[in-house]
Amino acid sequence: MPVKVRIPTPLRKLTHDEEVVETTAESVSEAIADLETCYPGFKERLVDEAGEIRRFVNIYVNDEDIRFLDNASTALKDGDEISIIPAIAGG
Amino acid sequence: MAEQQGHMKALRCRECGREYPLEARHVCEFDFGPLEVVYDYEAVKDKLTRKTIEGRRQNMWRYAELLPVAGEPTVGQEVGFTPLIKADRLAERLGVRELWIKNDAVNYPTLSFKDRVVSVALSRAREMGFDVVACASTGNLANSVAANAASAGLKAFVFIPNDLEKGKVVNSLIYDASVIGIKGHYDEVNRLCAEIAGKYNWAFVNVNMRPYYAEGSKSQGFEIVEQLGWKIPRHTVVPMASGSLLTKIHKSYQEAVKIGLVEQVEYSVHGAQAAGCAPISTAFKEGQDFFKPVKPDTIAKSLAIGTPADGFYALKVFQETGGASDDVTDDEIREGIRLLAETEGIFSETAGGVTVGVAKKLIASGAIPADDSAVLCITGNGLKTLDAVENHAGQALEIGPSLREFEALLQSDKELGTAKQK
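Here the protein sequences line up with chains A and B, keeping their order. The first sequence begins at 1 in our numbering and counts up one residue at a time. The second sequence begins at 1001 in our numbering and counts up one residue at a time.
Hints may contain errors.
As the list claims (entries may be wrong) - In silico BS3-like links for lysine-lysine, alpha-carbon gap of 25 Å or less:
1. 43/A x 4/A
2. 1292/B x 1183/B
3. 43/A x 1199/B
4. 1009/B x 4/A
To be verified - Now the stretches of chain B that chain A is said to cover, found in silico as 3 or more residues with beta-carbon under 8 Å:
5. 1015-1029
6. 1071-1080
7. 1306-1318
Hints listed in this document are in silico derivations from the structure and should not be mistaken for laboratory results. Owing to the predicted nature of the structure, the values given are computational and were not obtained by experimental measurement. Heads up, the beta-carbon is just placed ideally off N, CA and C, and yes, glycines get one too.
Between the sequences and the hints, there should be enough to build the whole structure, so can you do that?
Structure (structure tokens):
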């Protein structure tokens, strides 16, 4: 069972309106690289010129913010789910 | 819609500057940066003079040209223009020359500053043809969306963490909104709402309507400068959850200068957080220009946002204005609530305790010098967060209905005895 990636609305043009896509990558950064191969342009939306994840992009693995895990090096295993969510104003 | 855009020109990404039409859209497709409304300031400058404003009714819409609604507002016409109180007794206790309280604890209709942002978001949502509105909320926003949607005849869904204060939950339910308690903290509610917003075509006030919604906060800043006699205060202390209110108060001061309402003067905007959820003030104290998300644990639930969307821009405001940021513990928050109540007769919610507590620290540290003047932004009402203070406010003294018992009480109780002698 591969890893599922939930695609947020602003990125769905790239995935031809697919809400969920799959990858067999073993870390978050590999997943981003893999999706770039399938959907050219994907990476530059999430990662800045310095190679860091953009400051307004929040990435979650199984509902946990990767900044509480291992950032872009966070390991993935079969059945994991990645969500990519833009930051939201408060509450 | 093309002609129907008031003084708005476009939505623009704060990060890369790409422009978008004035739709229900909140992030840049390119880099996820937040979108912000761009105005035609030249046109606004001619129309929005001190004289025009002073001739209008006393509510937030007296600054309508700088609020992102194309036509006349249809929701929340009576919101805003809350009192700005000169707080001499509090100033004396905190050891500063002059203090003012901007009291949004009595904002209409739901007793928090959120009525400002919601009236803008719902007025704009109606213009765009939405009939369902929604929000992710720590409580105050939920109350305001529920109430204002009810009066406008809109259907409302509000999403809140399931551990909120009872007062804030009942305050949403009573308006017949659909209230959905999420088993998780606000950041998790937020994430779910981002996903729901992507799927359902609703006006989510702080998701797809955010560029309009957030601008409503500027009205608090415009009111402060007008109520001070068209002057920007030297210091302003603002509580921070996502950091949005703070950045918008700063923006309102800049716009007031830009259209010639006030003179450009030196001013500092300071940010207040709870120690149990202080990603922005921690970054400030460590000298970072980015924050690390945290998992909130504080009685200031209205400020419990661990991943503050505007945290980065709040840090920039401190840098630009020489502002500072600090945080206070739960005990200091309760002490702040009591201090404001005892000295000024204002009962604020926990966020107000945070603001007062941090102001005290900033005055003590000299970040706000003792011979200066400051405005404290009080954003919500204490009656909504009774849970936080109910075991810390003392007990009522009980006696039978007899004068003898009362006098016996006076004899035995020192404090009451002193009151009698006065």
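Hint check:
Among the hinted pairs, residue 43/A with residue 4/A is consistent with the structure: their alpha-carbon atoms are about 17 Å apart, no more than 25 Å. For the proposed pair residue 1292/B and residue 1183/B, the alpha carbon gap of about 23 Å is at most 25 Å, so the pair holds. Under the criterion of a C-alpha separation no larger than 25 Å, the hint pairing residue 43/A with residue 1199/B is consistent with the structure, at around 23 Å. Distance hint between residue 1009/B and residue 4/A is unfulfilled; the C-alpha atoms sit about 39 Å from each other, more than 25 Å.
For the stretch 1015-1029 of chain B, the stated coverage by chain A holds: 5 residues have a C-beta nearer than 8 Å to a C-beta of that chain, and at least 3 were required. For the stretch 1071-1080 of chain B, the assignment as covered by chain A is violated, since 0 residues bring a beta-carbon within under 8 Å of that chain's beta-carbons and 3 are needed. Interface restraint, the stretch 1306-1318 of chain B with chain A: holds (5 residues with C-beta to C-beta distance below 8 Å; minimum three).
In terms of the numbered hints stated before, the structure departs from hints 4 and 6, listed from lowest to highest.
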